[in-house]
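Undergrad: Protein sequence lines correspond, in order, to chains A and B. Just so you know, we're using my numbering here: the first sequence kicks off at 118 and counts up by one. Just so you know, we're using my numbering here: the second sequence kicks off at 118 and counts up by one.
Hints are not guaranteed to be accurate.
[Stated by the list, open to error] Below are the DMTMM-like pairs computed for lysine to aspartate or glutamate, each with C-alpha atoms no more than 25 Å apart in a straight line:
| no. | chain 1 | residue 1 | chain 2 | residue 2 |
| --- | --- | --- | --- | --- |
| 1 | B | Lys198 | A | Asp174 |
| 2 | A | Lys277 | B | Glu342 |
| 3 | B | Lys235 | A | Asp326 |
Hints are computed from structural coordinates only; laboratory data are not their basis.
2 protein chains.
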Amino acid sequence: MPSSGCSPVAPWRVISLSEVRPLADPEVARPLRKDAARNRKRLLAAAGDVFDAQGLDASVADVARAAGVGMGTLYRRFPTKEALIDALVHEVLEATIEMARESANRADGTGLEDFLRKSSAFQAAHPGCLPKLWNTDHDMVKTARSLIGELLADAQRQHKVRHDLTGTDVTLLMWSVRGIVESTRSVAPTAWQRHLDVLLAGIRPSSEDLAHRPVTRKQLDAILEHG
Amino acid sequence: MPSSGCSPVAPWRVISLSEVRPLADPEVARPLRKDAARNRKRLLAAAGDVFDAQGLDASVADVARAAGVGMGTLYRRFPTKEALIDALVHEVLEATIEMARESANRADGTGLEDFLRKSSAFQAAHPGCLPKLWNTDHDMVKTARSLIGELLADAQRQHKVRHDLTGTDVTLLMWSVRGIVESTRSVAPTAWQRHLDVLLAGIRPSSEDLAHRPVTRKQLDAILEHG
DNA sequence: AGTGAAACGGAACGGAGACTCCGCTTGGCT
DNA sequence: AGCCAAGCGGAGTCTCCGTTCCGTTTCACT
Numbered sequence: 118m119p120s121s122g123c124s125p126v127a128p129w130r131v132i133s134l135s136e137v138r139p140l141a142d143p144e145v146a147r148p149l150r151k152d153a154a155r156n157r158k159r160l161l162a163a164a165g166d167v168f169d170a171q172g173l174d175a176s177v178a179d180v181a182r183a184a185g186v187g188m189g190t191l192y193r194r195f196p197t198k199e200a201l202i203d204a205l206v207h208e209v210l211e212a213t214i215e216m217a218r219e220s221a222n223r224a225d226g227t228g229l230e231d232f233l234r235k236s237s238a239f240q241a242a243h244p245g246c247l248p249k250l251w252n253t254d255h256d257m258v259k260t261a262r263s264l265i266g267e268l269l270a271d272a273q274r275q276h277k278v279r280h281d282l283t284g285t286d287v288t289l290l291m292w293s294v295r296g297i298v299e300s301t302r303s304v305a306p307t308a309w310q311r312h313l314d315v316l317l318a319g320i321r322p323s324s325e326d327l328a329h330r331p332v333t334r335k336q337l338d339a340i341l342e343h344g
Numbered sequence: 118m119p120s121s122g123c124s125p126v127a128p129w130r131v132i133s134l135s136e137v138r139p140l141a142d143p144e145v146a147r148p149l150r151k152d153a154a155r156n157r158k159r160l161l162a163a164a165g166d167v168f169d170a171q172g173l174d175a176s177v178a179d180v181a182r183a184a185g186v187g188m189g190t191l192y193r194r195f196p197t198k199e200a201l202i203d204a205l206v207h208e209v210l211e212a213t214i215e216m217a218r219e220s221a222n223r224a225d226g227t228g229l230e231d232f233l234r235k236s237s238a239f240q241a242a243h244p245g246c247l248p249k250l251w252n253t254d255h256d257m258v259k260t261a262r263s264l265i266g267e268l269l270a271d272a273q274r275q276h277k278v279r280h281d282l283t284g285t286d287v288t289l290l291m292w293s294v295r296g297i298v299e300s301t302r303s304v305a306p307t308a309w310q311r312h313l314d315v316l317l318a319g320i321r322p323s324s325e326d327l328a329h330r331p332v333t334r335k336q337l338d339a340i341l342e343h344g
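Start from the sequences and build out the full structure, keeping to the hints where you can.
TA: Okay, structure coming up:
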């Protein structure tokens, strides 16, 4: 069947799938059909809306309805509800990592605070998947952590934050903001800003050290496993 | 039917029910039969254990089994799962209020920090009902808030905490600790202490005010309504 | 235009869990 | 001792929700 005399473009060729299937497994994968790709985007957008509004307990049927597709479509694209949530988490983590990279460009010691303010704002704008944000997607979480570690080190070099602060402290700080966002978003959507003010005041240099020992990295890793 | 010639002690008399039925409605109520009172205590204890271990998603059947009673017994004592949780919340809030009163006796400005450390420790020891702690039982929550307000005022008078801190800030602070307890209890049950260290550092007097406006009392009240 | 693999919709399934019902038991009173 | 309201256990009901199945439709390639 040599139609045009050459077949350099086999039907199974792999070309820039990252745009269409950001979560594709490492095996050979076909690009999605146009309608399928469109529905995948709709589903993710709808899931974000629905979970933002109702929390992760919202039913997948609600998501499918909001996306204007049937259950079958949803489940062909995301094999379980968890996979759907993971995809949302993936997006938020990706954005968070990007923000950490941008803040790192400052290198004047203000990157950490800049990052904390921006990433908190982003999370406040995407509250739906917050409960799962730091309990999944091990690799991205670790990437984020190491970037945050760099931001922290820089801030400490420039004497912008207390010397006894650790990376795990900063992680807890972010979880703390997440908790406030979750608790207050319905009636005081910007309350986290005030809370972050207090936290930032708490991490500034001080003559007296924090009274208790920090959490170890290993302990936080354990949360990822059986979160 | 005058059996003993007098009936000063009618079967419906109301005597010191608070011990047996702390949540009894304001209407006329009989004391519980001995076995019923015993089972009520067992149920509350079991519910605490089960929810502490598995979270509020644990099934009521698990609670009944842990208490060694049947479903019927559980539901005669607590008409819904929510009522059972409310009873637990009630206990924790009661203890919290008591702690606030004790701390207030200091009146040397250290009461607030003392209260925050003790109540956090107590909550960390009873994590099961934390998600509902501040969303139910309006009256007790308001009592707690006003006591906290007094602790704060005293601390500010003695220049132990920053002058621009409000009662709502302290409330958010407690919610924040709650979030950290919930997130870390499985692998780092004392992590909240370190986090509280940071928060306490953040509320100490400072030359620069917090950047954002505090949440209003009214906003926090709204959370109680439709939590 | 024709074809078939991929995708679609939504009804049906299965399991989990909150809650109810009812026949049996027991504490507390006379 | 005897009565009976109160209490008890736990099987059964009902609803909700994640997931699957399958007949129909649509894309994409020839």
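Undergrad: Sort out whether Glu342(B) lies within 25 Å of Lys277(A), counting only the CA atoms.
TA: Violated: Lys277(A) and Glu342(B) sit about 41 Å apart, past 25 Å.
Undergrad: Between the alpha carbons of Lys198(B) and Asp174(A), is the straight-line distance 25 Å or under?
TA: Roughly 18 Å between the alpha carbons, so the hint for Lys198(B) and Asp174(A) holds.
Undergrad: Take the C-alpha atoms of Lys235(B) and Asp326(A), compute the straight-line distance between them, and say whether it is at most 25 Å.
TA: holds (20 Å)
When the structure is compared with the earlier hints, a violation turns up for hint 2 alone.
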